[in-house]
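Got chain H sorted already, so can you dock chain C onto it with the hints?
Just so you know, the protein sequences line up as chains H and C, in that order. The opening residue of the first sequence carries number 1 in this note's numbering; numbering runs sequentially from there. The opening residue of the second sequence carries number 87 in this note's numbering; numbering runs sequentially from there.
Derived from the structure by calculation, the hints contain no laboratory data. Among the clues, some could well be false.
What the hints assert, rightly or not - Cβ pair distances, simulated, as ranges:
{"id": "1", "chain 1": "C", "residue 1": "E194", "chain 2": "H", "residue 2": "E29", "range": "18 to 26 Å"}
{"id": "2", "chain 1": "H", "residue 1": "E29", "chain 2": "C", "residue 2": "H147", "range": "47 to 55 Å"}
{"id": "3", "chain 1": "C", "residue 1": "V155", "chain 2": "H", "residue 2": "E29", "range": "40 to 48 Å"}
{"id": "4", "chain 1": "H", "residue 1": "D69", "chain 2": "C", "residue 2": "I223", "range": "27 to 35 Å"}
{"id": "5", "chain 1": "C", "residue 1": "R229", "chain 2": "H", "residue 2": "E29", "range": "25 to 33 Å"}
{"id": "6", "chain 1": "C", "residue 1": "C214", "chain 2": "H", "residue 2": "Q39", "range": "16 to 24 Å"}
{"id": "7", "chain 1": "H", "residue 1": "Q42", "chain 2": "C", "residue 2": "E201", "range": "16 to 24 Å"}
{"id": "8", "chain 1": "C", "residue 1": "D183", "chain 2": "H", "residue 2": "Q39", "range": "22 to 30 Å"}
{"id": "9", "chain 1": "H", "residue 1": "Q39", "chain 2": "C", "residue 2": "V160", "range": "52 to 60 Å"}
{"id": "10", "chain 1": "C", "residue 1": "P218", "chain 2": "H", "residue 2": "F82", "range": "51 to 59 Å"}
Beta carbons: idealized from backbone N, C-alpha and C, even for Gly.
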Amino acid sequence: MKTILISFLFLFLVGCAVPVQRTFPTAPEAIKVSCPDLQLIQPTTKLSEVVTVVTNNYSQYQECQLKMDAWIEWYDKQKDIFNSVK
Amino acid sequence: MWLFNFLPDFISIFLINIVLIVGLVATFSSYFIKYIPVVTPYASLIKTGGIILLIIGAYLHGRYDNDQVWQDKVTALEAKVKASEQQSKDANSRISDLLNEKTKAVKEKQIVIQEKIKEVATKIDSECRVSPDVIEILNNSARKK
Chain H
1 MKTILISFLF
11 LFLVGCAVPV
21 QRTFPTAPEA
31 IKVSCPDLQL
41 IQPTTKLSEV
51 VTVVTNNYSQ
61 YQECQLKMDA
71 WIEWYDKQKD
81 IFNSVK
Chain C
87 MWLFNFLPDF
97 ISIFLINIVL
107 IVGLVATFSS
117 YFIKYIPVVT
127 PYASLIKTGG
137 IILLIIGAYL
147 HGRYDNDQVW
157 QDKVTALEAK
167 VKASEQQSKD
177 ANSRISDLLN
187 EKTKAVKEKQ
197 IVIQEKIKEV
207 ATKIDSECRV
217 SPDVIEILNN
227 SARKK
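Chain H extracted, bound-state conformation (with noise of 0.2 Å):
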């Protein structure tokens, strides 16, 4: 009788609740690399080779502009998503 009350009462044991487990989205491997540096114009009296620098700033400068574009639309959307799981 003692067995039996104690396996009754073992079934009324209160043991841990498993949550739903959400994970972090992770980023494109593309927009995470780093900008680069902005290239430096070598000693020099031709304006042809300080504007071919130039514009390749211009350009590096353009492609960090697109990453952070991709990082806030990346945020936005993931954000979107998250607030959609309710």
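Leaving out everything else, chain C in the frame of chain H:
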């Protein structure tokens, strides 16, 4: 979480139903049992035991149903999380593709500009001589510190 939850569903509900049915049968039979002389002395014991079992059975059944409701909610939420993870991956893929496409366009434009500079290099170099001060100013503005 109850330890009952660790038992397979069919065993839990079977045990709960047994307790409930035994409780019901014992409670109702206790009203008629007094007409059977052999078990008459146990009538009150059967009645008390039946009521206790009925209460425990009803409680456990309610608890089981409540757990089922929460389990269903968890399952639904897990499905939503899984769908959102897929949406997240799709969004990443779309962003990557768009970034690659735009970066490619920037690089192509840069190639065209470099070609143009090469075409006019002789002309602009003959017309303008860059002072070292200009290079220093530009380099200083390009440096981080």
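Range agreement (Cβ of E29/H with Cβ of V155/C, hint 40 to 48 Å): The hinted range 40 to 48 Å holds for V155/C and E29/H, with Cβ atoms some 42 Å apart.
Look at the Cβ atoms of C214/C and Q39/H and judge whether their distance stays inside 16 to 24 Å. Since the Cβ atoms of C214/C and Q39/H sit about 20 Å apart, the hinted range of 16 to 24 Å holds.
Confirm or reject the claim that E29/H and H147/C have a C-beta distance inside 47 to 55 Å. For E29/H and H147/C the Cβ distance comes to about 53 Å; the hint holds.
Consistency of beta-carbon spacing, F82/H to P218/C, with hint 51 to 59 Å: Cβ of P218/C to Cβ of F82/H: about 54 Å, so the range 51 to 59 Å holds.
Could you tell me whether the CB distance from D69/H to I223/C stays inside 27 to 35 Å? holds (30 Å)
For E194/C and E29/H, compare the CB-CB distance with the range 18 to 26 Å and indicate the outcome. Since E194/C and E29/H have Cβ atoms about 22 Å apart, the given range 18 to 26 Å holds.
Hint says 22 to 30 Å; check whether the CB-CB distance for D183/C and Q39/H agrees. holds (28 Å)
Hint check for E201/C and Q42/H - Cβ pair distance inside 16 to 24 Å: Cβ of Q42/H to Cβ of E201/C: about 21 Å, so the range 16 to 24 Å holds.
Whether the CB-CB distance between Q39/H and V160/C falls inside 52 to 60 Å: holds (55 Å)
Verify the CB-CB distance for R229/C and E29/H against the hinted window 25 to 33 Å. holds (29 Å)
Every hint, counting from the list given before, is met by this structure.
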